[in-house]
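There are 2 protein chains.
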Amino acid sequence: MNGAKSLVETLLRSGVDTCFANPGTSEMHFVAALDQAAGMRCVLGLHETVVTGIADGYWRIARQPACTLLHCGPGLANGLANLHNARRARSGIVNLVGDQATYHRPLDAPLTADTEALARTVSAWVRTSAQAGALGRDAAAAVQAARTAPGQVATLIVPSDVSWNDGGVVADPLPVPHAAAVDGHAVESVARVLRSGAPALLLLAGAAAFDEAQGLAWRVAQASGARLMLDFVTPQVQRGRGRLPLDRVPYNTDHAIAALAPFEHIVLIGAKSPVGFFAYPGKPSSHIRPDAQVHVLSRPEQDPLAALRALADALGAPDAAPPDPGPRPEPGRGAPTPEGLARTVAALMPEHAIVSDESVSFGRGFYAHTHAAPPHDWLHLAGGAIGDGLPVATGAALAARGERRVISLQADGSAMYSLQALWTQARERLPCTTIILNNRRYAILVGEYQAVGATPGPTAMSMLDLGNPALGWLDLARGLGVEAARATTLEQCADLLAQSFRQSGPFLIELVI
Amino acid sequence: MNGAKSLVETLLRSGVDTCFANPGTSEMHFVAALDQAAGMRCVLGLHETVVTGIADGYWRIARQPACTLLHCGPGLANGLANLHNARRARSGIVNLVGDQATYHRPLDAPLTADTEALARTVSAWVRTSAQAGALGRDAAAAVQAARTAPGQVATLIVPSDVSWNDGGVVADPLPVPHAAAVDGHAVESVARVLRSGAPALLLLAGAAAFDEAQGLAWRVAQASGARLMLDFVTPQVQRGRGRLPLDRVPYNTDHAIAALAPFEHIVLIGAKSPVGFFAYPGKPSSHIRPDAQVHVLSRPEQDPLAALRALADALGAPDAAPPDPGPRPEPGRGAPTPEGLARTVAALMPEHAIVSDESVSFGRGFYAHTHAAPPHDWLHLAGGAIGDGLPVATGAALAARGERRVISLQADGSAMYSLQALWTQARERLPCTTIILNNRRYAILVGEYQAVGATPGPTAMSMLDLGNPALGWLDLARGLGVEAARATTLEQCADLLAQSFRQSGPFLIELVI
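Protein chains in written order, with the working numbering: chain C, -12 to 500; chain W, -12 to 500.
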């Protein structure tokens, strides 16, 4: 058995049965091995940023790592931005990077690059496999690393001769470490703070934004008077009827500081203490009150359910039904507004839909108008590197095996970073509905421009303008095999949404805003 | 004056007057400074791989560095693959990477990444500017590094507070180091070898592939009986009538070994000793005869003209007119073939056209049929990271200030890596004609598959297939603002080429092959 076959067999034995790929010469033996080992689903992306973003979306819904297949250092480099996002989202991914043969690398052939250095910038675990006989156990270790709580990016670099040489040995799965134990002192300390009645915020992120943790957090809040909020960079929130109407800490520095100003105590549950996405002249980097005390109830690698359960028990908090979010919204009417679009989506989305939100500037107000929608998952860009929305949607749809509708709320400028994902949606006939929020500019930067105190002149404005020439979204979608239509009103948008939900494949709506 | 203004003014004073940009929040003060300093041309790209590829193409034609403007580590990461190509092409580029404020970086905000580590993988020179007062002289040093022979990638990381703080000082240009001197001993040694009459090859790359160096190399060849060849990875060749009908060392290992087998001596002039792009099982990594002797006449950082002149003088080589390449070809007819397309392009291209060749598998035979075309520059992918063809064409057209027609011979799979470049061509109304060689697959990998000895099964073949769904190239081009038409015969292709050459803006021809 060659190394490549032992790699594929080990992955399957470790429960990794899905591969997102853009292979090259150095991966040919791995690709060949896919046909010799039944059970590995392989999905092609036309650019590595699509491949890695799909892997991120896949993890978020499957809670199982997939592997990527990337070609040499530059192929990995193309996928780094969405691996950065995956790292910030704490998604588990096994990257397989084919590379120059061990004996060929010193010759510095054109595609040779410092693959390990590139990998280390985004990975919790990096290894270059040294020989075919070690590749199986290296793969098992990579899967173990990817599964380590809360989820990690692991990168295994596979020189081509390690793939093609004989001597491959299939390895057994390695045990996944238990999540770090709950810190009893932290629970007691937080319980004491909450009992004091001083204004306190429980800040949720990671798995603390999921259904069951929300229920526990709500018990704590009801028993103690503490407030609940989501970290702005929470990658995934389970929302809608039966869940809590949680808001995120605002993106805008002034708004974030105002939102956090009431709280003397900030209790972190899988979250980090809120800081600005960026610094701005004359404004603080930290968004909490200077005199606020920060308490860590649960770190990201700990189990937030256990911590919240311990806290609820310590407080003697009784069961509490989630608040009634009110009636499901009616669709919006007339010209597209953020609120109207949010209401339209909330009114029409099927049960257990998945929303991939890279709406950037237009979407800041979507939450308030979608609390009363049916239960759904809402996915966010966690690392700030634009271009994850369409790939994450694609990966989420693949993880849901076609059984859940995925709705992308997608800014136009960001969509242009990874529009090739639409082709994979068409190829795999995925139930993905994309709403392109076409404002013909990098609208966020117009706001950022003002926030940093700079004065935009004509050159500056032209750098923020996407309207010359206007991007033809219907043409682009069709060119990638995806049916598409334009909406200029919310009524048209609602009709197209409803139409797309009746279809099995992807659909794109260009919403002119 | 703030740091950003001192940066722009220093760049202008150092002769860097062109900026390719995809900015974000951390670059807003730089963008603002562009409006306060006349003379900096700023061109927007919709993805950083477009931005960096444009900078590579710009250098190749202008022989002057431009700057890029990139947003934080992930923005740089998106541009790394084409910076890898630029590094291999030895192109001079000044990357400006805006980043988190110095005091904000320790807080590990979401977009924070190891920007320096990313930069080092592709750059000969990396610096993070520490304060506004140093930014001017840091910029001058970056330009100096980019201009250092034969051309280098220099990356200056600019924290946002270094941009916005006062205290900026405009710096004078720093002197560019002279190219390393000719090695007289190497000249003598090579002259002795050539006089011996043993079979010898002069292998040219870099500036040795340019017009004047070719003339000197031809004198040497005529006087000594040595043969001439271009390194496969030569980024730019000046070709056509009046230049030499040089061939490149073949890509295919067997063909390369056969082509190099006659030579007991390999004389490198800006080239590296030929090795495989990849290793293949049971085949040698080095493509020269095991008993061949390698002689370095001129390293890439040396002046090949001086070295060749010294060698010609040492041999007493008289002037020699270049060989007559024969009559200009007639356009091809009927179904598209590599030879027919090459003849069609050679028959129709305007004088001093620029060919950006990312034809990959289809284009291996283009050279033989284009020697008798009018004088032109032919640009190649030097680093093997696909996706440089369209951006390099765009940058070349910008460097030529609209005065030269640029023809992209572009494989379909590679085009999908950076198709956003078409939008910049439309926005800047560049005279770029793109021929998409649409074979609906990663054709090169079918060949590579066989070369590594792997057996393709259905999963493997599906990973090489771009036909499901078929990419709609006319739709994609129009969506990006570029007029487009399809050709299924060489006659149609010739008509469309001629039509596009009469227009001032970009045009795309989908050639179904």
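Everything labelled a hint here was simulated from the structure, so no lab data went into it. Treat the hints with care, as some may be off.
Since the list gives no way to pick one copy over another, a pair counts as held whenever it fits inside one copy or between any two copies.
In silico DMTMM-like cross-links for lysine to aspartate or glutamate, where the CA-CA straight-line distance does not exceed 20 Å [claimed, not checked]:
#1 K259 <-> D290
#2 K259 <-> D95
#3 K259 <-> D159
#4 K259 <-> D170
#5 K259 <-> E288
#6 K270 <-> D95
#7 K270 <-> D153
#8 K270 <-> E103
#9 K270 <-> D306
#10 K270 <-> D241
#11 K270 <-> E415
#12 K259 <-> E390
Worksheet item: Looking back at the hints listed earlier, which ones does the structure fail to meet?
Response: 3, 8, 9, 11, 12
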